[in-house]
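Keeping their order, the protein sequence lines are chains A and B.
Residue numbers for the first sequence follow numbering that gives the first Met the number 0, beginning at 0 and rising by one.
Residue numbers for the second sequence follow numbering that gives the first Met the number 0, beginning at 0 and rising by one.
The set of hints was computed from the structure by calculation and includes no laboratory data.
Quick list of simulated restraints, FRET-style, between CB atoms: (1) A/Lys119 <-> B/Lys305: 40 to 46 Å; (2) A/Glu94 <-> B/Pro264: 42 to 48 Å; (3) B/Asp157 <-> A/Ala161: 25 to 31 Å; (4) B/Lys96 <-> A/Glu94: 58 to 64 Å; (5) B/Asp211 <-> A/Glu137: 44 to 50 Å; (6) A/Asp288 <-> B/Lys30: 58 to 64 Å; (7) B/Phe213 <-> A/Ser116: 36 to 42 Å; (8) B/Glu182 <-> A/Tyr283: 39 to 45 Å; (9) A/Tyr283 <-> B/Ile57: 50 to 56 Å.
Computed cross-link-like contacts, PhoX-like style, restricted to lysine-lysine with a CA-CA straight-line distance of at most 20 Å: (10) B/Lys165 <-> A/Lys36; (11) B/Lys36 <-> A/Lys165; (12) B/Lys36 <-> A/Lys36.
All residues carry an ideal CB built from backbone N, CA and C; glycine is no exception.
There are 2 protein chains.
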Amino acid sequence: MTKNILPSWRASESRKNIIDFVTKVTKENGKDYVEPKLRIATFDNDGTLWCEKPTIQIEFLKYQLFKNIHNNTKNIHTNTDKKISQLVNDFLHGEVKMNTTLKKILFEQIEGNISLSEFKENVEGFLAQWKHDGTGNEKLTGRTYKELTYEPMSELLDYLRANDFKIFLCSGGSNDFMRVFAEELYEIPHENVIGSFAVNRYVFGAGIEPEDTFFYKQIANFHNTSHGGKPEAINAHTGRIPIFSAGNVLNGGDIAHLTFCKSNPLQSFQLLINHDDAEREVAYAEKNDPSIKAGKAQGWSIVSMKNDWKKVFRNPEVV
Amino acid sequence: MTKNILPSWRASESRKNIIDFVTKVTKENGKDYVEPKLRIATFDNDGTLWCEKPTIQIEFLKYQLFKNIHNNTKNIHTNTDKKISQLVNDFLHGEVKMNTTLKKILFEQIEGNISLSEFKENVEGFLAQWKHDGTGNEKLTGRTYKELTYEPMSELLDYLRANDFKIFLCSGGSNDFMRVFAEELYEIPHENVIGSFAVNRYVFGAGIEPEDTFFYKQIANFHNTSHGGKPEAINAHTGRIPIFSAGNVLNGGDIAHLTFCKSNPLQSFQLLINHDDAEREVAYAEKNDPSIKAGKAQGWSIVSMKNDWKKVFRNPEVV
Numbered sequence: 000m001t002k003n004i005l006p007s008w009r010a011s012e013s014r015k016n017i018i019d020f021v022t023k024v025t026k027e028n029g030k031d032y033v034e035p036k037l038r039i040a041t042f043d044n045d046g047t048l049w050c051e052k053p054t055i056q057i058e059f060l061k062y063q064l065f066k067n068i069h070n071n072t073k074n075i076h077t078n079t080d081k082k083i084s085q086l087v088n089d090f091l092h093g094e095v096k097m098n099t100t101l102k103k104i105l106f107e108q109i110e111g112n113i114s115l116s117e118f119k120e121n122v123e124g125f126l127a128q129w130k131h132d133g134t135g136n137e138k139l140t141g142r143t144y145k146e147l148t149y150e151p152m153s154e155l156l157d158y159l160r161a162n163d164f165k166i167f168l169c170s171g172g173s174n175d176f177m178r179v180f181a182e183e184l185y186e187i188p189h190e191n192v193i194g195s196f197a198v199n200r201y202v203f204g205a206g207i208e209p210e211d212t213f214f215y216k217q218i219a220n221f222h223n224t225s226h227g228g229k230p231e232a233i234n235a236h237t238g239r240i241p242i243f244s245a246g247n248v249l250n251g252g253d254i255a256h257l258t259f260c261k262s263n264p265l266q267s268f269q270l271l272i273n274h275d276d277a278e279r280e281v282a283y284a285e286k287n288d289p290s291i292k293a294g295k296a297q298g299w300s301i302v303s304m305k306n307d308w309k310k311v312f313r314n315p316e317v318v
Numbered sequence: 000m001t002k003n004i005l006p007s008w009r010a011s012e013s014r015k016n017i018i019d020f021v022t023k024v025t026k027e028n029g030k031d032y033v034e035p036k037l038r039i040a041t042f043d044n045d046g047t048l049w050c051e052k053p054t055i056q057i058e059f060l061k062y063q064l065f066k067n068i069h070n071n072t073k074n075i076h077t078n079t080d081k082k083i084s085q086l087v088n089d090f091l092h093g094e095v096k097m098n099t100t101l102k103k104i105l106f107e108q109i110e111g112n113i114s115l116s117e118f119k120e121n122v123e124g125f126l127a128q129w130k131h132d133g134t135g136n137e138k139l140t141g142r143t144y145k146e147l148t149y150e151p152m153s154e155l156l157d158y159l160r161a162n163d164f165k166i167f168l169c170s171g172g173s174n175d176f177m178r179v180f181a182e183e184l185y186e187i188p189h190e191n192v193i194g195s196f197a198v199n200r201y202v203f204g205a206g207i208e209p210e211d212t213f214f215y216k217q218i219a220n221f222h223n224t225s226h227g228g229k230p231e232a233i234n235a236h237t238g239r240i241p242i243f244s245a246g247n248v249l250n251g252g253d254i255a256h257l258t259f260c261k262s263n264p265l266q267s268f269q270l271l272i273n274h275d276d277a278e279r280e281v282a283y284a285e286k287n288d289p290s291i292k293a294g295k296a297q298g299w300s301i302v303s304m305k306n307d308w309k310k311v312f313r314n315p316e317v318v
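The following block holds chain A by itself, in its conformation from the complex (with noise of 0.2 Å):
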């Protein structure tokens, strides 16, 4: 009965538990059962529906960084700030990591003082034209990102809205970048997208026609959707627990997302996605393995993507 579902998924323990899960919390009139409203799924999005390596809002930041600096139209290199050029600088061309401080100097580059909808047309630019530089497998190269999605993944979000899940992307990504290719790429509708997020300023007033106000971006009471940032932007917006939340093994990143997950009175699901496919992906695991750790602590479904899956892209596949 269950073989039309998860077709990209092998026979294994994972895809095993997800069909009993949803089975056992749609079942009228059963104990476990689950009302609709509350069937809240949370979905991280780099590393979990769509590649990470490298990590594509990063690659953003590059490709945005590249453009201003060719067009001058912001003068990162002759910044009056030098401390501040030179290490932006220093990042174009490699020679230092990402570290907090320059996430936060970067993001106030890109995503500070901007129009909403420059923004927008800046980032569906980067996704027509910047393509993968192979990093972690060469077979990547080339390739643009809407293109890296995972399709036992989208089967899953599939799944979960047939049996009247309601689906929420929350990642470390931003709010307004995630808006650009969430709906095409996930069927996610822009108004269940949580993401990284500051308040953006609605320009309005005395002598400006309707059709002329407009959202100016800004860095101001910035939320980061990042670890415990996770439960509390899903809380912030949605005022519910998810029943299922999916994320992956990278620097214990879901560890309170799934967590929050798990404190659900109710029944609850917990995906944990290990990248252990150097042939197909790429392979990388934790120092320590903390996310591994409290997923088997906690009970959690671990994915190999090496064992469970039978095929990793949407489109195309890497043979």
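Take the given structure of chain A and dock chain B to it, following the hints.
Chain B alone, transformed into the frame defined by chain A:
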């Protein structure tokens, strides 16, 4: 054909405008058709869906301050900052009017440094026990606030929902406050509530079992969802411009909200409620009528509670 739609509305221009709008945007292949995913509707709460004389969240502040004083749980009267304790005391005895500084102090007393679950219990206690004091109309004395929702507006929510609109509550009240009653009173789920908010802090980590994690309310990075804060919060939450927005006359609090809706390049509808019914509710206006003037300039539908509504309250009606 439209007889059973909006039964508590008189056969006025307002009712006709609403029905004409919904009919045209839902007519497939019509030139004004709007696909369901873009049928976003936003409703203010205070004065739009329920009574705002007195302001109900301010009444909650009073309730909670009195309770804290009585239980000696928060030592407001002996606060080491005498200026604050004097101000709160004067406010409770009606000797000072609300202003921005006082609002911030009171919010910190009530919404700061408390767990989210304790806060919700406080709101539930308030809604069950605290009664209308007759402000503006003595016939309202003794009612609970849950008995002060507007029947014609509830019918409008139902009508829009039946036409595949997605309804969001967007009001100056806090997110966590409104989520306690929005589903019961308006059938609006938690995730469609867009109120004033601060991101609550998630308490988790080593040695804390999932079931012992919780949210702690704090006031840092507070976003006030009134005036220009409404479009800003709607944009942050939904990434969309509504095609239907409803607000009311008082302090120009919905001018930005309805202007934002008017900025939509699609067909859109703005509804502004004028509180002109001294018999059945409370009559009040703005100095120089900025909301009415903006409404006339932009072509909003201005609803007269006195003339357009057969009935005001859902239950029981004031006669």
